[in-house]
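Dock chain to chain to rebuild the complex, using the hints, since each chain is given by itself in its own frame.
Given next are the chains, with one letter for each unit.
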Amino acid sequence: MMINKEQKGILNQFFYPRSLAVIGVSADENSFGTRYLSAILKFGFKGKLYPIHPRGGELLGIKVYPRLGDVPDAIDLAVVCLPGRMVPGVLEECLAKGIQAAIVVSAGFSETGEEGKKLELELAKVRAKGIRIMGPNCFGVYCPRSGLTLLVGPNFPREGGPVGLVAQSGQFAEMIVLQARGLGIRFSKVISYGNAFDLNEADYLEYLADDPDTKVIAVYVEGVKQGRRFLEVVRRTSKLKPVIIWKGGLTKTGSRAASSHTGSLAGDEAIWDTFFAQSGAVRADSMDDLIDTTIAFAHSSARCGRRVALLSGSGGTAVIGADACERAGLELPSFSPEVQKTISSLLPPIGTGVRNPVDLATPHPPARALTTILETIFSREPVDTIILGRMFLTVKGPTLVLGTPKSLEQGREEIRDIPLKVKGAFGKSIYVTLSEEVSDAEMIEFEADRRSLRHYYITHGIPVYPTLERAVKALAHVVRYQERFHRQEGG
Amino acid sequence: MTAQAIIEEVRRASRTLLTEIESKALLCEAGIPTVETKLARTKEEAVLTSKKLGFPVALKIVSPEITHKSDVGGVKLGLKTSKQVGQAYDEVLSAVRQSHPKAKVDGVSVQRMARPGTEIIIGMTKDAQFGPVLMFGLGGILVELLKDVSFRIVPLEREDAREMVHGIKGYPLLEGYRGKESVDVSFLEEMLVKLSRFVDTHPEIKELDLNPVFAYHDGAVAVDARVILEETPASAVNTLNT
Chain A
0 MMINKEQKGI
10 LNQFFYPRSL
20 AVIGVSADEN
30 SFGTRYLSAI
40 LKFGFKGKLY
50 PIHPRGGELL
60 GIKVYPRLGD
70 VPDAIDLAVV
80 CLPGRMVPGV
90 LEECLAKGIQ
100 AAIVVSAGFS
110 ETGEEGKKLE
120 LELAKVRAKG
130 IRIMGPNCFG
140 VYCPRSGLTL
150 LVGPNFPREG
160 GPVGLVAQSG
170 QFAEMIVLQA
180 RGLGIRFSKV
190 ISYGNAFDLN
200 EADYLEYLAD
210 DPDTKVIAVY
220 VEGVKQGRRF
230 LEVVRRTSKL
240 KPVIIWKGGL
250 TKTGSRAASS
260 HTGSLAGDEA
270 IWDTFFAQSG
280 AVRADSMDDL
290 IDTTIAFAHS
300 SARCGRRVAL
310 LSGSGGTAVI
320 GADACERAGL
330 ELPSFSPEVQ
340 KTISSLLPPI
350 GTGVRNPVDL
360 ATPHPPARAL
370 TTILETIFSR
380 EPVDTIILGR
390 MFLTVKGPTL
400 VLGTPKSLEQ
410 GREEIRDIPL
420 KVKGAFGKSI
430 YVTLSEEVSD
440 AEMIEFEADR
450 RSLRHYYITH
460 GIPVYPTLER
470 AVKALAHVVR
480 YQERFHRQEG
490 G
Chain B
0 MTAQAIIEEV
10 RRASRTLLTE
20 IESKALLCEA
30 GIPTVETKLA
40 RTKEEAVLTS
50 KKLGFPVALK
60 IVSPEITHKS
70 DVGGVKLGLK
80 TSKQVGQAYD
90 EVLSAVRQSH
100 PKAKVDGVSV
110 QRMARPGTEI
120 IIGMTKDAQF
130 GPVLMFGLGG
140 ILVELLKDVS
150 FRIVPLERED
160 AREMVHGIKG
170 YPLLEGYRGK
180 ESVDVSFLEE
190 MLVKLSRFVD
200 THPEIKELDL
210 NPVFAYHDGA
220 VAVDARVILE
230 ETPASAVNTL
240 NT
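Protein chains in written order, with numbering that gives the first Met the number 0: chain A, 0 to 490; chain B, 0 to 241.
Isolated chain B (complex conformation) (with noise of 0.2 angstroms):
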C-alpha cells in the first residue's frame, strides 16, 4: 500500500490515528526501517504468527482509540514461546477490556523482539510559525527526565541532521562510551534526512514519534511508531506553511 493509500484508508474510518502497524507500514515507505509488525485478530492468529516470525516476540494491544498502550498494560514484552503467547494474549485483552470496555479492539500486533540497542527517539511536530519540525534526542528515561533533544526545521539537508545528532548533550553516549557500542550515527542523520523528505510531502501528517528507535553499530530501526494526522485534509493544506 502507498503511503497516500493509508492515509485515506484512515480518513475513511474518520480517525487521525494511526495504529502501530499502519504508523510503521507509512513509515516503510518513506524509506525508514521498522521492526516488522502484524496483526493478529484471534489468540491462534498470534501464536501463529509469532511461530512465523521467530522467538522472542512482543504483543502490543491494537485499538485506534488507546494511545498509550503501555499505561494500560496493553504490551507484553519478551514472550519465548507459543504458551507464553497464548496467555499474554488473554492478559492483554483483558486489562484493555477493564480499563476501556467500550474501545474497538481490532487484536494485537506482533513482533519480533529487536535486539537491543541504543534507544534513541525521533519525531515530528507543527510549529504555527515554521510549520514541520523535527526532534532527535536519547530515549528512554534519557528523554523524560533530561529532555536532552535537538530540533531542525524542516526541510533539513544533510549538514542539518549532522548538527541535530551532534547537537545533544548526550552524544558521547553515541560514539561508544566507556566501552559501550558505537552507534552508526550517519545511519541516523540519514534517517532524519529521509524523514524530513517524506513529512515535506504528506501535509496530512501532524505530528509523529518514533520511540524508541534501536540504533546499532550498524543501522537502526524504529520499533514502535505513532502518526497522527491533521484534523481535516484543508488544515494539512494550511499549516504547508510556504
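Isolated chain A, as found in the complex (with noise of 0.2 angstroms):
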C-alpha cells in the first residue's frame, strides 16, 4: 500500500461522490455549470444532485438551491464554474458547508498571467483550511462506475475498463477518451486535471496505482509540480502497473544560464530522457502512440518477449515490417528449414518468402493454409508474438477494394476468425493490421467493414492497428516494459 488512508478517503470523494453540488447553474444552457449538471444527469450519475444559483428554482427538472447552506444533506464533492474571481468566497462557503473535495471548472488563474496568479494567493488560503482542490481549469473526472463524467462527456462509454487516464489537458482527455473508444478501450477513471493547483499529477497516479480497477495507466503532462516525487511514484507504480506517459512541450531545449560545466548539458530534453529511464515508465511520443501503447498494455495478458514471426501478404509490406522490428529490438528468427518447408508447401511456389518474415504473396490466403502456417510458427518456432500485415480479413473487403470476383467470398467467412482460435489454442499474442489506405467518401461501404472487423477483432482480445509500423511499436513498449519489470521480479 503506497497511499496514506486520509489521502485516499479524500480521492474517493471526487470519485464516487454520494452527492455533489454543481455551483454556478444559470438558465443559459451553454454556461458552463448548466452543461456539466446536463452531462452527468445525461450520462446517469448515481448520486445526490444539488445545483446552486441565487434564483432557485428548478433546473432539468432538478430543484436548485439558492446557497449551499439551504441543502439539507451532507455534501462529498462541489463543482464550481463560477468566474475565477468569485471562486475563492465560494470555497469558503464549501468550508462552511464541511465540503472536504472540489472541482474547479473555472478558469482565469496562474495560466492567464499576474492577475491569476494573484487569485491563486487566495486560493492558497482557503486551500489551508482544508478544503482540497482539483483544477482550476480543468474538465473533472470521468468515472463509469459512479456515473461521473467530464463537462464535454455526456456521450462517453456507461461502461468501464481497465485504463487510468491523467491528463492536464481537458482537451486531451476528451480526445483521448474518443478516440480511444472506437478502438475498444475503456476507462476506470479519467482525470482532466488543469492548473494542478493543489492536487497533482503525483496525487493522482499515487491513487490509480492503489486502485483495483486500474491495470494501465495512460498520462498526458506539460510539466510536473513536484518532479522529484512524481519520479518516486511513478517509479513505484511502474512495478505493479505500466505508466505510459506522454510528455508534451519537449522541443524546447532552452540550455538554462549555468555557470557549471553540467549546467550547460542538462537541456529539458536530457532531464526527460532521464526520468524515462530511471522510473521505467513506457514513452509515449504523440496522442496516437499513447493510445496504441494502452491498447497493446490493455490486451498483452500472456508475457510477451521480443521474438516475432510476421505474416504479410505483400513483400513490400514484410519489408518495411521487418524494417520496424530491427528498429524497436524486435527479433525475427529465421524458421527451421522443415517449417519453411511446410510453409512452402501451403503457398503458390512463385513469389513468396518462408523465412521470417512470410510473404504469402497474396491478400487473400486460402483459410486452411493460413491456420496451417500460423498453428505450424506457434507450435515448432520460439515465437511469442505472430504479428499478420496487409491482409484482407473481411469477407467484403477484396470485392469492395479490389474487385475481386464474388465467386471468392466464398467460404471466407471462415478467416475471420482464424487469428482468434489460434491465440486461444496457444495462449501467445496475435496482432492484426487493418490498413486505413481506402479513404475516399465513396469506399464508406469498406471503412464501416473495417471499423466492424476492428471492433470485433479488440472485443477478442486482439489488438488492431491500422499499420506494422505502428503495431510493432507497441509491441516494442509491451516487450521493453516485461523484460524491465520482470527481470526485477526475478522471472
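If you're looking for bench data, these hints aren't it; they were derived computationally from the structure. Possibly wrong hints are sitting among the right ones.
Said to hold, decoys possible - Beta-carbon label-pair distances, calculated as ranges:
1) A/G112 to B/E64: 56 to 62 angstroms
2) A/E268 to B/P32: 30 to 36 angstroms
3) A/F484 to B/P32: 35 to 41 angstroms
4) A/D284 to B/P55: 51 to 57 angstroms
5) A/E482 to B/G178: 32 to 38 angstroms
Ideal Cβ positions, reconstructed from N, Cα and C, are used throughout, including at glycine.
Set out below in C-alpha cells:
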C-alpha cells in the first residue's frame, strides 16, 4: 500500500461522491455549470444532485438551491463553474458547509498571468483551511462506475474498463476517450486536472496505482509540480502496472543559464530522457502512440518476448514491417528448414518468402493454409507474437476494393476467426493490422466493414493497428516494459 | 571543518562560488577522494608546500572572482623543481593581474600532480522541475566535443549509478579498450551514490563540477572541483522540491 488512508479517502470523494453540488448553474444552457449538470444527468450520475443558484427554482427537473447552506444533506463534492474571481469566496462557503473536495472547472488562474496568479494566492488561503482542490481550469472526472463524466462527456461510454487516464489538458482527455472508444479501450477513471494548484499528477497517480479497477495508466503531462515525488511515484507504480506517459512540450531544449559544465549540458530533453530511464515509465511520443500502447498493454495478458513472426500479404509490407521490428529491437528469428518447407508447400510456388517475415504473396490467403501456417509457427518456432500485415480478413474487403470476383467470397467467413482460434489454442499474442488506405468518401462501406472487424478483434483480445509500424512500436513498448519489470521480480 | 561550516564561511564572505580548495574540502566531507590541495599565499609558501607534497606539482590561481582559471593563464602543470615552482608563481600572478586587474587574489593552490588516469567528469545541476540531477561522462575533449554524458535524478539508488556509468557510449573505454587499463567502475558508481546523498542533504549547493576525475584500476580521485552555492539560503529551500 503506497497511499495513505486519509489521502485515499479524500480522493475517493472526487470519484465516488454520494452527493454533489454544482455551483454556477444558470438558465443559459451554454453556461459551464448547466452543461456540467446536464452532462452528468444524461450520463447517469448515481448520487444526489444539488444545483446552486441565488434565484433558486428548478433546472432540468431538479430543485435548485439558492445557497449551499440551504441544502439539507451533507455534500461530498462541489463542482465550481463560476468565474475565477468568485472561486475563493465560494470555496469558503464550501468549507462552512463541511465540504472537503472541490473540482474547480473555472479558468482564469495562473495560466492567464499576473492577475490569475494573485487569485491563486487567495485560493491558497482557503486551501490551507482544509478543502482539497482539483483544477482549476479543468474538465473534472470521468468515472463510469459512479456515473460521473467530464463536462464534455455526456456521451462517453457507460461501461468501464482497465485504463486510468490522467491528463493535464481537458481537451486531450476528451480526445483520448473519444478516439479510444472506437478502439475498444474503456476507462476506470479519467482525470482532467488542469493547473494542479493543489492535488497534482503525483497524487492522482498514487491513487490509480492503488485502484484495483485500474490495470494500465496513461498520462499526458506538460510539466510536473513535484518532479522528484512524481519520479518516485511513477517508479513505484511501474512495478505494479504500466504507466504510459506522453510528455507535451519537449522540443524546448533551452539549456539554462548555468555556470557549471553540468548545467550547460542538462537541457529539458536530457532531463526527461533521464526521467523515463529512471522511472520505468513507458514513453509515448504522440496521442496515437499513447493510445496504441494503451491498447497493447490492455490486451497483453501473456508475457510477450521479443521474438516475432511477421506474415504479410505483400512483399513490400513484409520488408517495411521487418525494418520496423529491427528498429524497435524486436527479433524476427529465421524459421527452421522444416518449418520453411511446410509453409512453402502451402503457398503458391512463386514470389513468396518463407524464412520470416513470411510473404504470402496474396492478400487473401486460403483459410486452411493460413491456419496451418500460424499453427506451425506457434508450435514449432520459439515465437512470442505473430503480427499479420496487409491481409483481407474480411469477407467484403477484396470485392469492395480490388474488384475480386464475388465467387472468391465463398468460404471466407472462416478467415476472420482464424486469429482468434489460434490465439486461443496457443495462449500467445496475435496482432492484426487493418489498413486505412481506402479513404475515399465513396468507399464508406469498406470503412464500415473495417471498423466492425476491428471492433470484433479488439473485443476478443486481439490488438488492431492501421499500420505494421504502429503495431510493432506498441508491441515493443510492452516487451521492454515486461523485460524490465519481470527481471526485477526475478522471473 | 564540517561541510556546514565551509558553506557558512563562504556565505559570510557574501560569495556563492567556492574556491578549488574550499570545493575539495567540501567533497572530502562527502567522502569523495580529491587530490590534496594547499593554499600558498606567497612564493616562498608555494615552494615550501611543493617540497612537502612532493614533485611534480601543479599551481593554480586562487581567486573567488575567477571561474575559468586556465583561460586566464592561471594554471601551471608538471612543475618538477623549486625553481620551476617559483617561476610559475610569478607567471601565474602576473597573467591574472593583467587579465583581471581588480580581482582579489588569495594566492595559489599547490597540489601534487595526480598520476594520469582515464579522465571523467561528474557533476550536479538543478532542474526546475526535478531538483538536483547528477551527470556522468568521459572528461576532457570527449565531453566538450561529443557530449557523451548520462544523467540521473537525485536520489540515486546503486542501480541508477550502475545504469548511469554503463549508459554512456564510451563505456567500453572504461572497461579497457584496446589494451588500455580498465578502470574501477564500481568505485565510480559508489562515488555517484555518495555525491547523491551529499547534495540531497545540502540543498544550499546549486551546481557542482568534478572535472576532471582521474579513474584508475583501483579507485579514482577528483583532480579539480568547483562548487557553486544558491544565491540565498531561502532559494535553497525552494529548490529542495519535496
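The hints, checked one at a time:
1. A/G112 to B/E64: 56 to 62 angstroms: For A/G112 and B/E64 the Cβ distance comes to about 38 angstroms; the hint is violated.
2. A/E268 to B/P32: 30 to 36 angstroms: holds (33 angstroms)
3. A/F484 to B/P32: 35 to 41 angstroms: Between A/F484 and B/P32, where Cβ atoms are some 36 angstroms apart, the hint holds.
4. A/D284 to B/P55: 51 to 57 angstroms: At 53 angstroms between Cβs, range holds.
5. A/E482 to B/G178: 32 to 38 angstroms: holds (34 angstroms)
In terms of the numbered hints stated before, the structure departs from hint 1 and from no other.
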